[in-house]
Amino acid sequence: MSSSPDILHDEQRLDDIKRRLDDLERGKSLLFLLLFPRLSPFQIQHDALASQSATLAANVAARRVKNAPMRTLLPEICDIVFAYCADPECALDCDISDCVFEQPSPVVLASVCCRWRAMVYNNPALWTTLHLRPDINSPAEITRARLFLKRSANMPLRVTICPVTLLGDPRSITACVLPVLSVLIPHFGRVQSLKTHLSIETLPDVFPAAQDVLMPMLQELSLLVNTSHASASLLGRLQARRLQVLHVCDITPFLDVLDDVLPTLKSLVITECRSWKFSRLFPNMLAKCSKLQSCSITFPSTLFFMDLEPIELPELRSLNLEWPFLFEPSPIFRALRAPKLLSLRITHLSRQLVVPIHTLSSLKGLLRSAAQLQFLAITGCNLLTQDEATRLFEDSPNIRRLEINNCSRGDRFLLPLTPDNPRDIDAVWLCPKLTHVTITGLQDSDVRPVINFAKSRSDIMATTVPANPECKFLEELALDTNSQHLNRQAKLLLLSGLFGIQRSLNILGPRGNLFSPPT
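Going by numbering that gives the first Met the number 0, the sequence shown opens with residue 0, and the numbers climb by one from there.
The set of hints was computed from the structure by calculation and includes no laboratory data. Please note that a few of the clues may not be correct.
[As the list claims (entries may be wrong)] When the alpha-carbon atoms are kept at most 30 Å apart in a straight line, the in silico DSBU-like pairs for lysine-lysine are as follows: (1) K276 - K287; (2) K265 - K363; (3) K287 - K194; (4) K454 - K432; (5) K432 - K363; (6) K290 - K276; (7) K339 - K265; (8) K194 - K276; (9) K265 - K290; (10) K265 - K287; (11) K490 - K454; (12) K265 - K194.
Go ahead and model the full structure; you've got the sequences and the hints to work with.
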């Protein structure tokens, strides 16, 4: 807290600057007509004095507040407050042209006052998230990296190196990135999370050939790299016994890098890319991930597998499979086995085209191995007949939640689930435990099948309980009534058809309960 003489001194300086500003304004007015082109020195002096005046005015106002809350809070409480200002991790989307790269929060907080600077500099936890973009200003990035590495002491680091968007040949890009990497590499031993969009030319510096890269604290690794020109023989071996989360575009060039960590992974995400460099290696690499609990794979179109040996994933709980039209997924689908699988999402990325025959049927082995499967989401799968859907549901007897998203002729999924005579005690119900259904992308042809399905699976319409004691009545139906493929007449028919069973189950629309009065 500043003393009164300091305040008086600043106030005197402030009054003096205001007088000088007034003199400049009067002089500027007198010379305006005679010396207009030469007013720039006056303007420069005026702007400098105005800036000093604003700074002094802020200082005087702050020093007059003797009991400001932040002056009386304990440093420990201030540390908690500052923690909420800590930099969030980057989502690796900084290649967007209009992305604003702001100054990191610890630097901003340390610039407020001497007390804050001391607290921020002495709190290593505020300096553990390091976000770098070497293509903006490499020397400045190096300086900032060194500051964070020093102030974070020995705490675990979360490092993000965003995409390099420099124009020019790879050598110029590498020349900007390598100095930053040389500062980071000695601290790899305490990196907890590493997310990078590095170019392939820089990876040999991160994983030197014929060497073990020791990262004992690493838990999450993202290598979003264009691997079309990668060579498997140029990279070293990663030693990270705690690694649990891996995010890549193409995993196949990293066989030697990841061979020791694949058995410890718990989450694997393979995002969309144009092609896989060594696709023949993928089945064996996936089979090594024996502890996977969550897996998401987007297959490229330029990929072909022959018949494969079964791929056992004994701990897998959640699986997301996406594929484009030109990719034949049946061989890899037939090979998968996951006895503890609870959630399965299958997405056909070319939604305007029909799914080839037997594609969904190739999941039979996976579904039969997953006796505990409770959630199934089907997206963009346009079927020629309902036979594929019937076989899919026959192999999924225990699902409780079903999503049908943007499937043309979604009625082909609903018809097998609709009992012919729900009042018959011996009626056969596919997926008898199904209680929650979501349907998006509704079309006019789906309206009557939706109504019939909801009525036949609701307790208000069925006067008898099915013979199978495991059969459950529908509890919730969520519908996308704002679908662009649904005309006004079809919407009215849908509402009138479902109105009679609204008390039997929860019917949701885009804004909550479909039949609740507007608020």
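Structure-based check of all given hints:
no.	hint	in the structure
1	K276 - K287	19 Å, holds
2	K265 - K363	24 Å, holds
3	K287 - K194	23 Å, holds
4	K454 - K432	16 Å, holds
5	K432 - K363	19 Å, holds
6	K290 - K276	25 Å, holds
7	K339 - K265	14 Å, holds
8	K194 - K276	21 Å, holds
9	K265 - K290	6 Å, holds
10	K265 - K287	12 Å, holds
11	K490 - K454	17 Å, holds
12	K265 - K194	17 Å, holds
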